[in-house]
Amino acid sequence: MKTHIIISLFIFLALPCFCFGQSHHKVLINKMEEYEEDIQNTYSEYQKVYYERKSSKSELLAFEEIISVYVSQILEIYETLTLSSIKMMEKPRDIAARSLIFRALTYLEKAPLNVEFYEKACYDYYRALDMYNESEKVPVILKSLPKPIRVANIEYKRLIDLIEAKGKELFSFGKVQIVLKSFKITSNLNAESFEFIRFSSPARTRKYTYDEAETRIKSAFNEILINNNSNNFFLALPEGSYFIRSRTIDNPLFPYLSAIYVRANQQQEYVIEPLVDWIIMYENPTTKQPDFYKAGDSYSGNGHGNSNGGSSFFLSRNKDEDDAANLSVIDDALTSAMENVDINKIFNLRDPWIRSRFANVASQTISIHISSPHYFNTWSKWWDAWEISKNITDKFSPGNPVPTELIQLVYLVLQKF
Amino acid sequence: MRFFNYMLIIGCFLCLNTDATGQIFDKSILKRYEECWSAKKEITLLDTVKVAMSKKKIEEHFRRHDFIQTFGCAYEENDIQQNSIRAVYRAIIQSTRNRNVELRDDLLAALRANPPRPDNLMREYSIYVNIPLRNGVKAARYEIKILDLVAVSTIESSVSVWTRIVTRFAYKEDFNKVKETKQVESEFVQVMQKAQEILTAIERKKFSSMKKMLSIGNVADVYPETIDELSFGDSMHLFDEHNQKKTYLGIYLGKGIFASETPDHGVVVCKFGEERLYGIRIDTNTFRRTTTIFAELNYQAPEIILQCLFIKFGTKKPQGLPSLDSI
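Chains as they are written, first to last, in my numbering: chain F, 1 to 417; chain P, 1 to 327.
For the record, the hints were derived by calculation from the structure and aren't laboratory data. If you're wondering where the values come from, they're calculated on a predicted model, not measured in any experiment. Do not rely on the hints blindly, as some may be mistaken.
As the list claims (entries may be wrong) - Derived contacts from chain P toward chain F, CB cut-off under 10 Å, selection only:
hint, residue
1, 125
2, 242
3, 247
4, 257
5, 276
6, 279
7, 283
8, 317
9, 320
Unchecked claim - Straight-line C-alpha distance at most 27 Å; calculated DSSO-like pairs for lysine-lysine:
hint, chain 1, residue 1, chain 2, residue 2
10, F, 288, P, 317
11, P, 245, F, 416
12, F, 381, P, 246
13, P, 177, P, 145
Glycine included, every Cβ here is placed at the ideal spot set by N, Cα and C.
Excised from the complex, chain P in its bound form (with noise of 0.2 Å):
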C-alpha cells in the first residue's frame, strides 16, 4: 500500500514536470523565464540611454552655433550596423520633430548608403528637410553630426546601439524662419518606459492598470484592419464562440503574441490561433488603437521579453482545441 502510495506522488510529480511531448524538463529551465526583466542579470537599454542622457549634456560651443542635442537607440535587429542606423535614425527624426520640420530626402536610404557604425568614422551627415511656411513649404539644409555612437549589451539585445547626435539648419536665414524649437531630447526612450511599464504589469498579470496606461476606454483614433498593420498596445475584442455576445479584451505585443481576458483561465499571454484553445476567437473587425505614439515611432517590444512573457503563461494551456460540441 505505501509502495503505492509513493508511486502515485512520484507520477503526480511526473505530470507536473512534463512539456508538451511528454518529455520531463528541468524546473530551472522553466526558472530561466521567471523574471522576464532581469533574467540575464543585465541592465535595461532603457537604463543606459538615462544614464547617457544625465550625464551627456551638449557642448557649449555647439549650442552656441544653434545646435541641438537628441539622443536615439535601437535593439530590434540582430546586427550592429542595423541596430546603428536605426538609432541615428530615430535621433535624427527626433530632431526634426522638435524643429517641427519634415524630410525631404530618403532618410533611410541615405543612412544605408554611408551607414553609421561604432568602429568606423562616418560621423557627418547632410539632408534636406521642408520648412513649413505660410504659403506653403522651404527647402533647407540640415546638418547631422554623431557624437556618441556606443554597442552596449544589455537585456533587450547583446547588440543594442545608443547614440548622441547635434542638428542644426546649414543656414542661419532658415534658422530664423522656424519659430519654435523643443528640447525633448528622446520620445523614443519615454516610449520604451511607458511600454516597459505595461509589459512589467502584464508579467505580473495586473491587466486592469494596463488598460489604463493604454487609455483603453477612449476613443480609438485608428482602427488596423490586418494583423500586419497592429503594433504595440493595440486593442482587440475576442468573442465566445458559443455565446457572441460575451466578449472579452485582447491587448498586441507584437510578433503575432498578445495578452488577453480568457472565459476560464484568468488572462494569458498567447499567440494568435492560441485563443481558440479556450473557446474564443478575435473579432477582426475589433481592431483598435488609442495610443498612437508606439505606432508613430515604430516602437516594438523586445523580441526576448515576448519569448520570455510567452513561455512564462505557456506551460499551463490546454494541449488541444476544445470539440465543437463542448465549446
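Chain F extracted, bound-state conformation (with noise of 0.2 Å):
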C-alpha cells in the first residue's frame, strides 16, 4: 500500500515537470519556426529591392541585418535545446541550417559588388552543412522546404534547387577542416607571426578572398598554446593550394610543410602537428576504394578492394568479367534498397517494366559514377547520391525535380561499398 502511495506522489510531481519540459521545447521550436518564416519573406523582400531599386543601400544594409538577428536567435534557441539533450532534434536542427543557408543566399545577391560576401555566404553554408556531419538522415538542403519560395518567377520547393540556381559560387569553395594536436605550452611558435597564403589557383576562383582564413589559424593557435588541448576549427577557402608562413622563421623551404591543396566543393580534414621547430599540415585521409566484395554477398568479382586484404593487388579476372560482377552486386544492391523507400514517389515505378528499366539505368549510372574520379572529390555520399539522381532523372524525367526518395535510395546503395 505504501509503495503504490509513494509511486502515485511521484508520478503526481514529475508528471507536471515533464510536461512542462515538453511545452518548454514545444514553445521554443514554434518561435524557431516564426523566425525562420520571418527570414525567408525578408529574403524575398531583399529580392525585390536589391533588383528593383539598386540605389537603396541602407535599406539593403537593414534587411541583412535584420535576417542576422533572426538567425542569430535560432541559433540561441538551437544551442539551447541541443544542450537540453532533447530527443527530436532533427526539426530545430533542419530550421538553424536553413536560417543559415538563407543568410547564406542574402550574401551571395551582394557578392557580385563585395566580392568577401562569397567567402561571408561560404561560412554560413558549411556551418549549416556541420550539423548534418555525423547524422544519416537526409541533410537539409535535399529536403523540402516548409514553404515553396519564390525567386525571379520561379517557385523552388527545395533548398538544393535555389542554390544551384541562386548559388552556384559557393561550389566554388572548398571546406578545410582542420585539427590542432600535440602542441604544448612550451612551444615557442608565435601565432601573431603567421600569414596564410595563397601560392596557386585555378584563374577562375581568384576572384575570391580568403581573408578570415589568417584569422581563424591565428586564434585557434593561440587558443591551444594556452590551453594546451586539441583544438578543431573550418576554414572555407576558395579552390586552391595555399600554406602557412611564419614572419619570424627565416626559412623559405618551411612553407611546403604546411601546404594545403583545396579543390572545390569538397569537404577535406586536415590536422596540424608540431615538426622540430614548424608545423607540419597534413590531410587525414577518408577515401576508400569501393568494396564490393564487402558489399555483395554473391560476389564472384576478384576480390578488388577487398578490406584489409589490399587484394586489389591479385588481380586475375579480365575488365569484362569484373565490370559484370561489380554491376550485378550493384543491381543487388538497389533492389534491396528499393525495400527501405517510398519508390511509388520515384517516377512511375509501380509498372513493372519502368521498373527493371530503372534498375538498369540506376545500376549503370552509380557504376559509372564511383569508377570516375568524381566519386573521391566530392562533398559526402548524399552529394554523390545527389549527382547520380540528377543523371538518372535526365534519362527518366528531364526537366522535372529530382525526386527526395531517389536520392535516398541511391544514398543507401552507396553506404554498401
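Hints are included, so try docking the two chains, each in its own frame, into the full complex.
Put into C-alpha cells, the structure is as follows:
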C-alpha cells in the first residue's frame, strides 16, 4: 500500500515537470518556426529591393541586419535545445541549417559587388552542412522547404534547387576542417607572426577572397598554446593551394610543410602538428576504393578493394568480367535498398517495365560514377547521391525536379560500398 | 639578340631557384637538406649508445647478485626530463622482456611521479611485476638501479638521453621461478639500426630494398584502421583516381609523412594529401603492418630526419591539384 502511495506521489510530482519540459521545448520550436518564416519573407523582400531599387543601400543593409538578428535568435534557441538534449532534434536542426543557408543566399546576392561576401556566405553554408556531419538523416538542402519560395518568377520547393540556381558560387570553395594536436604551452611558435598565403589557384577562383582564414588560424593557435588541448576549426577556401608562413622563421622551404591543397566543393580534414621547430599540416585521408566484395554476398569478382587485405594487388580476371560482377552487386544492393524507400514517389515505378528499366539505368549510372574520379572528389555520399540522381532523372524525367526518395535510394546503395 | 639570350638564361636560372611563394631562395638552404643523416655534423644517438654498450659491461658484484643490465635511449621530446623518462622506461621494458614477466604497476606513472633526470639523484625504483606460472601469475617485487643517465646532443635531438640500468627480483625465490633470462641489452637499439637503414634507403631512393627490409610481401600481422594507428614501416596502397586498378605502394614514416611510388614522378616522400598532386589516392582499407617490432617498441622516426626527407623531395612537386578532367 505504502509503495503505491509513493509511486502515485512520484507520478503526481514528476508528470507536470515532464509536461512543462515538453511544452517548453514546443514553445521554443514554434518560436524558431516563426523566425524562419520571417527570414524567408525578408529574403524575398531583399530580392525585390535589390533588383528593383539598387540605389537603396541603407535599406539593403537593414534587411541583412534583420536576417542576421533572426538567424542569431534561431541559433541561440538551437543551442539551448541541444544542451537540454531533447530527443527530437531533427526539426530544430533543419530550421537552424535553413536559416543559415538563407543568410548565405542573401550574402550571395550582394557578392558580385562586394566579393568578400562570397567567403562570408560560404562560412554560413558550411556551418549549416556541418550540422549533418555525423548524421545519417537527409541533409536539409535535399529536403522540401516548409513553404515554397518564389525567386525571379520561379517557385523553389527545395534548397538544393535554389542553391543550384542562385548560389553556384558556393561550389567554387572547399571546406577544410583542421585539427591542431600535440602542441604544448612550451612551444616557441608565435601565432601572431603567421601569414596565410595562396600560392596557386585556377584562374576562375582567383576573384574569391580568403580573408577570414588567417584570423581563424591565429586564434586557434593562440587558444591551443594557452589551453594545451587539441583544437578544431574549419576554413572556407576558394579552390587552390595555400600555406602558412611565419614572419619570424626565416626558412623559405618550410611552407612546403604547411601547404594545403583545396579542391572545389569538397570537404577535407587536415591535421596540424609540431615538427621540429615548425609545423606540419597533413590530410586525414578518408578515401576507400568501393568494396564490392563487402557489398555483395554473392560476389564473384576478383575481390578488388577487399577490406584490409589489399587484394587489389592480386588481380586475375579481365575488365569485362569484373565490370559485370560489380554491376550485379550494385543491382542487388539497389533491389534491397528499394525495400526501405517509398519508391512510389520515384517516377512511375509501379509499372514493372519501367521498374526493370529503372534498375538497369540506375545501376549503370551508379557504376559509372563510382569508377570515376568524381566519386573521390565530392562533399559526401549525399552529394554523390545527388549527382547520380540528377543523371538518372535526366534520363527518365528530364526537366523535372529530382525526387528526394531517389536521392535516398542512391544514398542507401552507396552506403554499402 | 645577345642581350635577349642573356635575359633568357637569367630567367631560366631564376625559375629553377624559385620557391612556392615565387621568391628566390639561396641554394645553400637546399644544400642543408642534401644529406639528412650528416647535415649537422653530429653523431647519431645510435652510434653513441652502441659505443656505450660496447664499453660498459655489467659490474661483477651486480652480476653476482642476479642483476641483469639493459640500455634505453630517447630523442622524441624536446625536453631532457621527458626523454629521460622514456629512456629509463625503455630500459626497464627491455629487462621485463628479457625475463618474460609483465608489468603489474603503471610504470610510466611511477616514473613521472619521481622523474629521473641526469642532474638529480633519483636512481632507484621498485615496481611490481607478474611472473607467469602454470596456474596463473605471481606478483613479485622488482628492483631497478639506474647506473648511467646521460644527456647528449645528437643528430636526432639536442636533448637526446641514453641510460644504463640493472634490474633484479627483490627476492631470490621469485628469481628462481623464472626459468630463462635473455641477455638482450636493447632491442630498441636494434630497431633504431633497422629504421636508420630504411630511412637511408629512402633518402637514396632505393625503394625496393626498403620493401625487402620491411617484408612488405609477407602476410600482414596487423591492419591499422586509421592514420592514428599507423606506425613506422606500415604500408598502404594508393590507387590511380582515373584507373582504380592501377595501384602503387606507400610506406608510412611518421607525422603524416610517407614514401610512395607515383605514376610519373618515381619515388617521392610526401605528406598525406599530397598524393592527390599526382592523381593518386590512399585506400584507407589497405593499411597493413608486416613488421610489428616498430609498433611494439613504439619507435618513431626522428622528426629532424622526416623534415629533411620531406624538404629534400619537396621542391619538385606540382604546385596545385590537377583538374578532375585531366586526372
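Quiz item: Are residue 177/P and residue 145/P close enough, with their CA atoms no more than 27 Å apart?
Solution: Distance of about 22 Å is within 27 Å: holds.
Exercise. Against chain F, run the beta carbon of residue 283/P and see if the smallest gap drops under 10 Å.
Key: Holds. Min distance 5 Å.
Self-check item: Minimum beta-carbon distance criterion (10 Å), residue 276/P to chain F
Solution: holds, 6 Å
Quiz prompt | Evaluation of the interface hint that places residue 257/P against chain F, nearest CB under 10 Å | solution = Constraint on residue 257/P satisfied, holds at 7 Å.
Practice problem: Report holds or violated for the interface hint on residue 279/P, using the least CB-CB distance to chain F and a cut-off of 10 Å. | Solution: holds, 8 Å
Exercise. Grab the minimum C-beta distance from residue 320/P to chain F and call the hint holds if it beats 10 Å, violated otherwise.
Key: Holds, about 4 Å.
Quiz item: Would the stated hint for residue 242/P survive a check requiring a Cβ distance to chain F of less than 10 Å?
Solution: The hint holds - residue 242/P has a Cβ within 10 Å of chain F, the shortest such distance being about 6 Å.
Quiz item: Are the Cα atoms of residue 245/P and residue 416/F separated by 27 Å or less?
Solution: Distance of about 20 Å is within 27 Å: holds.
Self-check item: Given pair status - residue 317/P, residue 288/F, alpha carbons within 27 Å
Solution: OK: residue 288/F and residue 317/P at ~24 Å, within 27 Å.
Quiz prompt | Satisfaction of the residue 247/P interface hint, Cβ to chain F closer than 10 Å | solution = holds, 6 Å
Quiz item: Holds or violated: is the Cβ of residue 125/P closer than 10 Å to a Cβ in chain F?
Solution: Violated, about 26 Å.
Self-check item: Satisfaction of the residue 317/P interface hint, Cβ to chain F closer than 10 Å
Solution: Residue 317/P check passes; min Cβ-Cβ to chain F is 8 Å, inside 10 Å.
Hint 1 from the earlier list is the only one contradicted by this structure; the remaining hints agree with it.
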